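So the protein lines, in turn, are chains A and B.
Residue 124, in our numbering, is where the first sequence stops; the numbers in between run on with no holes.
Residue 416, in our numbering, is where the second sequence stops; the numbers in between run on with no holes.
For the record, the hints were derived by calculation from the structure and aren't laboratory data.
Please note that the accuracy of each hint is not assured.
Here are the computed lysine to aspartate or glutamate pairs in the EDC-like style, where the Cα-Cα straight-line distance is at most 16 Å [said to hold, decoys possible]:
#1 B/K224 x A/D95
#2 A/K100 x A/D10
#3 B/K224 x A/D47
#4 B/K224 x A/E70
Everything numeric in this text was worked out from a predicted model, so none of it was measured.
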Amino acid sequence: MANILLVEDDKNQQILFAEELRLDGHQVAVVGSGPEAIQAVQSQPPDLVVLDVAMPQMDGIEALGRILAENSRIPVILHTAYGTYRESFMAWAADAYVIKSSDQSELRAEVRRVLANRAKAKNP
Amino acid sequence: MSIVTPHGPRLKVIAMVLAGGQGERLHPLTRDRAKPAVPFGGIYRIIDFTLSNCVNSGLRRIFVLTQYKSSSLDYHIHFGWNILSHEMGEFIRCIPPQQRTSTSWYLGTADAIYQNIYTLEQERPHLTFVLSGDHIYKMNYRAMLDAHLEKSADLTIACIPVPKEEAARLGVAVVDRDSRIVDFREKDPDAPTIPGSPSLCLASMGVYLFNTPELVRQATENFKTAPETERDFGKNIIPHMIKQRAVYAHDFKDENRKPQKYWRDIGTRDAYWEANMDLVEVDPLFNLYDADWPIRTAPLQYPPAKTVFNEEGPAGRRGLVLNSLVSPGCIVSGGHVERSILSPNVRVEEGARVTESIIMDDCTIGRGCTIHQAIIDKAVEIPDGTQIGLDPEADKGRYTVTTRGIVVVPRRMHYA
Chain A
1 MANILLVEDD
11 KNQQILFAEE
21 LRLDGHQVAV
31 VGSGPEAIQA
41 VQSQPPDLVV
51 LDVAMPQMDG
61 IEALGRILAE
71 NSRIPVILHT
81 AYGTYRESFM
91 AWAADAYVIK
101 SSDQSELRAE
111 VRRVLANRAK
121 AKNP
Chain B
1 MSIVTPHGPR
11 LKVIAMVLAG
21 GQGERLHPLT
31 RDRAKPAVPF
41 GGIYRIIDFT
51 LSNCVNSGLR
61 RIFVLTQYKS
71 SSLDYHIHFG
81 WNILSHEMGE
91 FIRCIPPQQR
101 TSTSWYLGTA
111 DAIYQNIYTL
121 EQERPHLTFV
131 LSGDHIYKMN
141 YRAMLDAHLE
151 KSADLTIACI
161 PVPKEEAARL
171 GVAVVDRDSR
181 IVDFREKDPD
191 APTIPGSPSL
201 CLASMGVYLF
211 NTPELVRQAT
221 ENFKTAPETE
231 RDFGKNIIPH
241 MIKQRAVYAH
251 DFKDENRKPQ
261 KYWRDIGTRD
271 AYWEANMDLV
281 EVDPLFNLYD
291 ADWPIRTAPL
301 QYPPAKTVFN
311 EEGPAGRRGL
321 VLNSLVSPGC
331 IVSGGHVERS
341 ILSPNVRVEE
351 GARVTESIIM
361 DDCTIGRGCT
371 IHQAIIDKAV
381 EIPDGTQIGL
391 DPEADKGRYT
401 VTTRGIVVVP
411 RRMHYA
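Produce the complete structure using the sequences and hints provided.
Structure, rendered in structure tokens:
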């Protein structure tokens, strides 16, 4: 099971997504903004970041660039209610792009896929 | 440029000129400036050749990616190349590292592109040229662009045949009959030669044309997976891409139009001196005087070059210049200059003798000096009677002396 950093500014969504991921056995740390996410990555690099995009202060696209600048090997899933960020070149550096939904199966599937890829890259 | 293809759509094309080269082997010419800002041929900077190629090819949306000791380069681009029309969507813009996606210097060519992903995002061109600001050559990039579209390539690389011995310091491509690159070896002395020409390899000129989405995908993938020493097109991206994507070689058609194709990476001080000395030949390999492919630089505001004194007799003072390039503002005042290059505003005083040397802007060669096979960087006042290039041992104690024995005097050197 993995250490996941969930970056999400909405309190209700924090609870919903974190609990869902915990049900799959993951350890989930939650922060509410881009700068906090960067700090968290600096102090204890997680196995995976699930990153909201539309956030005040620093959006998830900018945060993605800065997280990878800290550690280019950390997998990141962009998790957003909007499809339009997919066009941003920086978003292409993410390992997956998941549209938020009331049904969490796609998020959970992508988490599984990205973690499996990471394990494969570590022990080819 | 925006080009209209035969199929109708208008494609947006930009150039990213990599101008962060440290040029360590050119030291001390690169002590205070990046390699693309090193003066060349009297009035030019090395980057002028690539920028002239862009403008002559109709490629007029240009980002110059600077980083290391960029002040001299910034100044040159800002004041010398402010010639394009903003209203027409044209620009030449210097971009320093943004530090939004990395905290380090550019670790290689691919890293320079990845770190400028927001710059690409701003423009969202269909096609992106990635060029080096370090090379001297004349090339029409438009011909390469046509070939790229014709082949429906993801990446096209301009290539030139070079002697096999050069393979150890260049990237070498192996192509099939259709010019598709099937193998690529970076700095491999045993790289395959061109079929039928056992003494030649097909070298990459560091001139790349990418479909932009492919460039972004490759650069991000490289950043996330390649070791730091391989954040480079030649070392990582190209060998990786040729297996899965349409990567083609483009045969370099030289706008210099001489029997021998001319493309130089002025890597060392000796190569620098030799390439400059070529220019003073009666029929140089590299032609600066072709009005059909003009090389431009920062405009100079100086009075005309001048020679003075023409006194009769053996003791008579005579200002004499033979087989040399003399830039505006120079005064050869009773001195003798032969097979040399004088940048703007140089003074050569009475009785001084300058041979096979490169003298940069604002230098004064004092009375009775002898300067032979030397490179004198900007703003040096050589005191009367100084001898350079005659006594290798004495020179080594005071200056940088190259393998070939060329003496290099650094910028603003002060004599006690």
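Hint-by-hint comparison with the structure:
1. B/K224 x A/D95: holds, 10 Å
2. A/K100 x A/D10: holds, 12 Å
3. B/K224 x A/D47: holds, 14 Å
4. B/K224 x A/E70: With a Cα-Cα distance of about 11 Å, the restraint between B/K224 and A/E70 holds, given a limit of 16 Å.
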